[in-house]
Every structure is written in C-alpha cells, then in structure tokens.
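Once you've looked at the hints, go ahead and assemble the two chains, each given alone in its own frame, into the complex.
Sequences listed follow chains G and V, in order.
Numbering-wise, this note's numbering puts 113 at position 113 of the first sequence, and it's gapless, one number per residue.
Residues are numbered in this note's numbering as their position in the second sequence, beginning at 1, plus a constant of 1000.
No lab work stands behind these hints: they were computed from the structure.
Virtual Cβ for every residue (Gly too), placed ideally from N, Cα, C.
Wrong hints could be hidden among the right ones.
Stated by the list, open to error - Heads up, simulated DSBU-like pairs for lysine-lysine below, C-alpha to C-alpha not over 30 Å straight-line:
{"no.": "1", "chain 1": "V", "residue 1": "K1361", "chain 2": "G", "residue 2": "K6"}
{"no.": "2", "chain 1": "V", "residue 1": "K1026", "chain 2": "G", "residue 2": "K16"}
{"no.": "3", "chain 1": "G", "residue 1": "K7", "chain 2": "V", "residue 2": "K1220"}
{"no.": "4", "chain 1": "G", "residue 1": "K6", "chain 2": "V", "residue 2": "K1232"}
{"no.": "5", "chain 1": "G", "residue 1": "K16", "chain 2": "V", "residue 2": "K1220"}
{"no.": "6", "chain 1": "G", "residue 1": "K11", "chain 2": "V", "residue 2": "K1026"}
{"no.": "7", "chain 1": "V", "residue 1": "K1379", "chain 2": "V", "residue 2": "K1361"}
{"no.": "8", "chain 1": "V", "residue 1": "K1026", "chain 2": "G", "residue 2": "K7"}
{"no.": "9", "chain 1": "V", "residue 1": "K1379", "chain 2": "G", "residue 2": "K16"}
{"no.": "10", "chain 1": "V", "residue 1": "K1361", "chain 2": "G", "residue 2": "K11"}
{"no.": "11", "chain 1": "V", "residue 1": "K1026", "chain 2": "V", "residue 2": "K1209"}
{"no.": "12", "chain 1": "G", "residue 1": "K82", "chain 2": "V", "residue 2": "K1379"}
Unchecked claim - If you want a taste of the chain V side facing chain G, the calculated C-beta under 8 Å gives, among others:
{"no.": "13", "residue": "F1046"}
{"no.": "14", "residue": "V1050"}
{"no.": "15", "residue": "A1078"}
{"no.": "16", "residue": "V1230"}
{"no.": "17", "residue": "P1369"}
{"no.": "18", "residue": "P1370"}
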Amino acid sequence: MSDSPKKEESKEDRRKFIVTSTIAASTACALFPLASGIPSVLDPATKETGNAEVPWTKVTNLATLPEDGTPTKFEVVLEKVKDAWTTYTNIPAGAVYLTRKGEAVTAYNLKCPHLGCAIDYRKNTNDYFCPCHNSTFGLDGSVTTDNSPSPRGMDTMDTKVEDGVVWIRFQQFVPNIAEKVPV
Amino acid sequence: MIKGLMDWIDDRSGIRGLVKEALYEKVPGGARWRYVWGSCLTFVFFTQVVTGTLLWMFYAPSAQTAWESVYFLQYHVAGGWFLRGVHHYMAQAMIVLLVLHLMQVVIDGAYKAPRELNFWFGVLMMGVTLALSLTGYLLPWDQKGYWATAVATNLMAEVPLIGPALQKIVVGGSEYGHHTLTRFFALHAGVLPASLVALVVAHIYLFRKHGIHVKKPRPKRDSYFWPDQVLKDAIACLAVLLAVVALTIYFRGAPLGPPADPSNEFPARPEWYFLFLFQLLKYVPAFWGAVIIPAFLGLWMFLTPFIGKSKGGHQFNVGFWWVLIAGSAALTGMAISEDQANLKHGAAIEEANWQAERVIKIADSEGIPPAGAVTLLRKDPQT
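So here's chain V without its partners, still in its complex pose (with noise of 0.2 Å):
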C-alpha cells in the first residue's frame, strides 16, 4: 500500500531520483568532521525560521506593544520562555558556526577557483545573519535593545552622501517609535530570510555544482553522502541542539530588561559579537568603523580568492584571517574588562536588572495599560 503511493508520487513528481541525487554524492576521501559546518548552519537557519514563525504569532510590533507581548511570551504562556530562549541562543550558536565555517573554507582553501562566486555568497550571508542579529536585537523593546540600536543607526548616518537617508528610512522617521519597529520587524521576519533563503540556494546548487574541495586526500576510500556524512552531520546538529536546549535552561529562556525609555539612560552595549566593533569605536572616529573598516573588509574578501591565488596568497589570506580574528577576540575581552572594572557601568546594569523584576512583578498583579509597561514604572513610587 505505501509502496504504492510512494509509486503513485514518483511517477508524477520523480521524488527519488531528487532524494537519491540529493543524498548519494560523493564525498572524495570519505566523510570528515571538517565538512560538518555548513550543514550545521543550514540546520540553525531552520531552526530560526521554524521557531521565528511561532514567535510571530505572539508579537505585536508597536512601542506600546513590543516588550508587553514579549512579557506575555515570557511569563504567561506555556513554554513561551522555552520558545523564545531556543530562538535566542540558535541565533548566538549562528555567529560561532558562521565563524568556524568561514575559518574552514579559507583554512582549507576552499573558497578558491572555481568556487570564488561560492565563497562571495558565503560572505552575502554572513552579512545578511549579522542584519538578523542586529534587527532581532530591538524587537523585544527593552532598554538594553533600544540604546544599543540607537548607536548602530546613528552609525548608519555616517555614510557618505545617503546616510542621514538611509538612516531615516531605517528607523521610519527621526525618533525611534512605532515605524522603526515595523521596519526592524519586516526586516527580521521577511526581507531578510528571504533573501538568506535565496542565498542558502544557491549556495547549495554551487557547492552542489562544484563538489566537495577535499584539502588533503586522506588514504580513505571515497564515499558518499548518505548515510556516513549525514550522520556526522546529524551528530554535529545534535550537539548545537543540545548546547542550545541547555543554554537555555541553564538561563531559564532569554533576558528581557525594563521596558525601553528614552527618559532613563542604559549604557548601550551590542549582543557579545558586536562588542569589538564596539571597543573598536572607543579608539577611532564613528565614520571609520561605519564605513571605512566595513568597505575595506567587504573589499578583502572579494579580494580573497584572488589574493589565495599563489601559495603564498593562501598563506597570507589564512594568516590575515587569524589575524582578525584573533584581534575581534582582543577586543571583545578588553570591552568585557572594561565593563568589568567600571563600577557605574555594573551599578547601571544592576539598577536595570532590578526595574526589569520590578515591572515584571507590577504587570503580573495589576495587568498593563493601554499606555505601555513604562508608564507602571514611571508611576511606581520604588523607582
């Protein structure tokens, strides 16, 4: 009877000979651990946009509604802090995959001819998962979400000509408010999978295309995708999963701060993968690190494949890669210790920690008003 539909569906579909092209190529030198990372991603990116879709239908998009309907989420719903923690902490193991694929490929020479156009839409999505995570950052509405994004759009201004443009139409006006969370929103959800969707694509139909770059053969005989690839594959997707489901336990769903408010300062910091573009702004002017490092980054990769041309452009290429990120790590620890040290700056934290369970413990007992979580803060005698 199966065997008969699955007939039925092959004779008007051709489904196996998909799934059989799909799951038998060949894998010079036999499966790796190495190969695993681009899988990973695709799996993650999965993830986000199945679990993405299901915080959608809790979220409403308006400053009056952003962080009440994530409160809800968070402390009303069944599971919601599950949910909304499993989409947070995919979205951090994102940028580390994207890390360790990147350092993979340029490592293992990968992005070299004929693959350049290949390595190219690598870099696109990378550009495209750092929009997400920077769209994401600012739609539960909290302070810590708002002043950070404040920074990043000012940034935007700094573009030569069209910034102060671009940056309108980004936020949706001058002020931060309703538009720029519809904007950030249709951002998140819409424009920008899509185009990742689109860009996964072809990715796949290139890497498809041009196979596996095997760095060094191994004495191993060849084998195929199925079923020793995907099982590290599979493995590998487990252990970010299981990290993730821990992750999130361990922190019991994903941090939700006070409700934004202009009239209360928050000392602005990106997610910890911004934090050396940050530090990187102590020591250089704003227009620098929006527009020169960024072009002069987007310049060396397309460079890259050319560059890795000669032995010794591959050299170079992996060391300059080392480099960098060996110096965004630097970074990153010297914005951490610096914080660290700063006592105002951990007294704000803690002053923000504690109006978060404040409004929290108010909304519970009283409900919210038309009028947005901020206003039981502001009317609150405590605070």
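In isolation and in its complexed conformation, chain G is listed as follows (with noise of 0.2 Å):
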C-alpha cells in the first residue's frame, strides 16, 4: 500500500530539509580551513606604505664627486632597516648614481622606474641605460627615447650638502606608472 499524499509530502519536506541542511554543514566545513587564514594572507595588502618620515642618510663627501657633471655610484647604508621581525642595522639598502653641479647634488634611484632592473651609466655614450628593458634616460635622467618601455624618468629624491657631506632621503618608487608614487 502507499503512503497517503499528506505523508508523502512529509517525507519530501524531511528529505529536503536533509539535503539542505548536509550542503550547508560540509560547505561550512569545506571552507573553514581557507577562511581560518585569509586575514592573515592578505595582511601585507591591508598595512598603509609610503607615508612613514624619510630619514637623511649620509652618503659622501662633496668632494669625491666629479664636478663635470659624470655620475658616481654609491650604496646606501641605512641606519636601520626593518625586514618583518629583523631589525637591521648599518646595512646596505639600494643604490644611487651621484651627479653633482656646483654645491648642487642630485640623486637618482639605481632602479629602473619601469620594471625595477638595475640600470647602468654608460660611458660611451654618457647616458644610463636599463639592459632589461632597454629604456634609455639622460644625464638628466629623463626618457631620452619614444618607445622607451619605462613610463617616467629616473626617480630622484630629496638630497643636501652640508659641511660638505652629501645626505639623501633614500626612497623606493612603485614602478610602471607615470606618476612618482613613494612605496
């Protein structure tokens, strides 16, 4: 004999509820463990960058910079340097070219502004050059060629001479974008 239509339906409601109810439990299941460690994945992503004060390190002395204008590399060797847990100090942190005019000095980022390679100055034909890329920048460290790939010129920062003694504000740029936009 079969069920009446009344416990029919009951059956199916009961099976429904059922199913829905196993979907629910092993989908909350199923992505618990993933959850559990999203904040902490996208931590990196949610901490504010670029507006922290600049420090002045020193780099040189005047005097050890050509005055025609030729560009001398120099590391940077911060005071301090924070790496996640590591507190550094005294360590190398990037490297600058070093033009100077006068008393005057200016200071740009050995990294291509495109991609982030290094770049080089080349003698010959006294201009900086990135071998990844091939962008090429002046003395200036403007783009000197149309389709250069990198989007702006080499970045500078903020430099002074005092008691003859070059500081900068060592700084790193967010690359491939034609605006300079501290990291």
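Rendered as structure tokens:
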C-alpha cells in the first residue's frame, strides 16, 4: 500500500531539510580552513605604506663627486632597516647615482622605474641604460627615446649638502606608472 | 547555461558518474553516528593541510628565524594567532579522533578478515600522525619544543646498530640547529603529509572495496551515504570545528614559550598525548621505551586481526585495547599530578612564562637583531 499524499509530502519536506542542512554543514567545513587564514594572507595588502617619515642618510663627501657632472654610483647604508621581525642596523639598502653641479647634488635611484632592474651608466654614450628592457635615460634622468618602455624618468630623491657631506632621503617608488609614488 | 557547462565537463571527464559512485554508497542498516570518525579525521587532515600551507607562508626554518617568524605571525599579522591556533588545536583533535576511530574499529571487529590490510594501513597512518605531532612540536623553536625534542631524538639513539646514525640523520648533525629545523620542517610539511595522503587514498579505496562493517544490523532499512550519513558526518565535523575554534579563542591561539636556549635549562615535557610515554620512561630503561615497547605494540597491532578470528580472541583484543588506553590515561594522570606537586617544576614553568612575556615585550619595542630573539633575553638586565 502506498503512503497517503500528506505523508509523502512530509517525507519529501524531511528529505529537502536533510539535503539543505547537509550542503550547508559540508560547505561550512570545506570553507573553514581557507577562511581561517585569509586575514593573515591578505595582511600585507592592508598595511598602509609610503607615509612614513624618510630619514636623512649620509652617502659621501662632496669632494668625491666629479665636478663635470659625471654620475658616480654609491651604495646607501641605512642606519635602521626593519624586515618583518628583524631589525638590521647599518645595512646596505640600495644604491644611487649622484651627479654634481657646483654645490648642488642630484640623486637618482639605481632601480629602473619601468620594472625595477638595475640601471647602468654608459660612459661611451654618457647616458643611463637599463639592460633588461632597453629603457634609456639622459644625464638629467629623463626618458630619451620615444619607444622607451619606462613610463617616467629616473626617480630622484631629496638631497642636501652640509659641511661638505652629501645627505639623501633614500626612497623606493612604485614602478611602471607615470607618477612618482613612494612605496 | 550552467547545465550546458556541466554537460560539457561531464562528457570529457565523467565527473557525474564519479560523484554518484562516491555519494551513493550503500550504508547497510542505515546511517549511524558511530561511522563518523573516519570522515572527521579526513576533515581534520584536510584542515591541517590547508592551514599548514598558509602557515608555511610565514615560517622561516632556521635557529635565528624560526621562533622569530612565529612570534611575528602571532603578534603582528592580522589573524595570525587564529590561524596558528586552529592548526595547533586541530592537531590535538586529530589525536583524540584517532583513538575514537581505532576503538570503534576494534570494538566493532572491523579489523577482521577481509579488512586486515586496511587495519594495518590505519595503524601506519596513526604512526605518521604521531610523527607529524612530534615534528610540529619543535618548529616554533621555543624552550618547550627544543628540550622535549632533544629527549625524543636521544631515544632514537637506543635503536640497535643504526640508532646513533639515525639520530644524526634526523637531527642533521650531532647538535641541534639550522639543519634540525630544515629537516623537521621537510618531514612535517612534505614527507609525512605526502605519505599520509597516499595512505588515506589506499585506506579509503580498501574501505569502499569492502564496504562498511556492520556489527549488529539494526532493524532500520539500508540507506545511502548521501545525504543521511553525510549529514551525520558533517554535523560531527562541525562539532570538531566549533570545539577547535572555542579552544583557539579561549587560549588566544597556540602557546609560544621563550626562544630556544641550550644554555638555559627548561623542564622538558612532551605534548599531553605523549605524557604516558614520558612517565613510563621514569620506570623503564630508555631502550624499553624506545625499542621494546614500540616493537611489541607494532607486532601486537599486526597480529590483532589474527588474534580476533575467534570470539574469545576478539574479546581479548577489545580488553587489551581498553587496558592500554586505561594504562596510558593513568600514566598521563600520574605525570600531570607529579608535575603539579613538584614546586620546582611549577617555578620553572612560571619563570619560562615570564621570560616569554618579557622577550615579546622587548621584541615589540626594540625589534629583533639578526642574531635572534634569544640574544634579547641574554642581554636583558631583568632576566
């Protein structure tokens, strides 16, 4: 004998409830492990950067720079660098080209504003050249070729000369955009 | 549109047939709560693989960076304490569930022919899980893990002939350091989980081949794995999940002691599920604890399906396992109560807790030098 329509309906409702509950509970279990780590994985993207006060760092003596404006490469040794949990003291954190015009000094970041390769100074052509993607820059840091892949000129940073010592505010900038934005 | 896409995928993969085969397995005598443990263990292992991979993004295995990277995750990464806590307490849940699963298999006689091979696979998986716990305990490179692992690896040297060489291979030399961590990490995150995945696949294949072992078929009608048994499994998994989340929130994540320091002694204690072995080593020589007893237990587990062939043999097996669990529980209780009564031990733990708080405070304010956080404590006039 078959069940009455009412009984059949309640059986069907019960099955629907079981299936829905099972899917809900299984989905919660399946997603939980990944969800438990999402905030940690996304943490770096949520941290504000580029707003910190940039300290002045001593690079060299003015007398070491050629007076004709020829660029000279210097490593930048920062007094304090924090990498996640480790605090380093007096550690090389990058490099710059310094050029001198009288008492004024300009500092160019060694990193190409295109995609971050290290830029060379070419003595024979007296310009800057990125060996990765062939961006070329003049001595004033500006892009010199129309088809240069770099969207902006070389990144400069604040400099000052005090008592014959050259100081800079060493910074990195967001690559591959037209504007110069600190990272 | 979705149906069209599903048809396209099914034509090329046969996925519907596979899902149907997986979900519509017959459950003789209907769905039961006593069948949930295997699914719970699979869920817990899945959680450990996912959370472990996420933890991997933050962990740096070396003597100067292991504790430091864990500290950074715990105190300076959003939700880091929660992620670490879930991994830590899931590991504890896995041990509890393993014992429950094993006892269900033994009591129901699910280890008997033709399921012997699967029982042995299960025993192997238990060994791998314990090895995962042991290797994971060292990775934060805090005092507790450092000193407890020293005991565990010293026991290894008791193995005849190959013991001393085995110890050096596992430790990565004669002293604990960078290579102990890289090796333990490779074991914990690579070799052991990969072995466990292979064993889980074999275990589930054999389980499906022989079907569910029904001890006493209830007068209930047979049903299918989906949805009746899956619902029970999912509810049990949710209960485990909620318990782990509750523990994680209550204890604000997993503990992290002061950084490992070979010159600063700490009373070595293993995790609670190894305490019975720790207590046993007070009464028996190390050779017994490291070789004779594990070899005897291994042999006993191998013989369990054969002993259980007769009714008396099965009852003997059940009794043996109950005695083993009761004995382990008693030894664990003794270990805990002896420590509680030991004022020197209590003072050492209090001192370590104070050092942990202190080093975290200094690291927060001054940062950690490349030589590692242990140097902060060594230079601190207060410690």
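Hints and how they fare:
no.	hint	result
1	V:K1361 <-> G:K6	violated (68 Å)
2	V:K1026 <-> G:K16	holds (20 Å)
3	G:K7 <-> V:K1220	holds (19 Å)
4	G:K6 <-> V:K1232	holds (27 Å)
5	G:K16 <-> V:K1220	holds (21 Å)
6	G:K11 <-> V:K1026	holds (20 Å)
7	V:K1379 <-> V:K1361	holds (14 Å)
8	V:K1026 <-> G:K7	holds (25 Å)
9	V:K1379 <-> G:K16	violated (66 Å)
10	V:K1361 <-> G:K11	violated (61 Å)
11	V:K1026 <-> V:K1209	holds (12 Å)
12	G:K82 <-> V:K1379	holds (20 Å)
13	F1046	holds (7 Å)
14	V1050	holds (4 Å)
15	A1078	holds (4 Å)
16	V1230	holds (5 Å)
17	P1369	holds (6 Å)
18	P1370	holds (6 Å)
When held up to the earlier numbered hints, the structure conflicts with 1, 9, 10 and fits the remainder.
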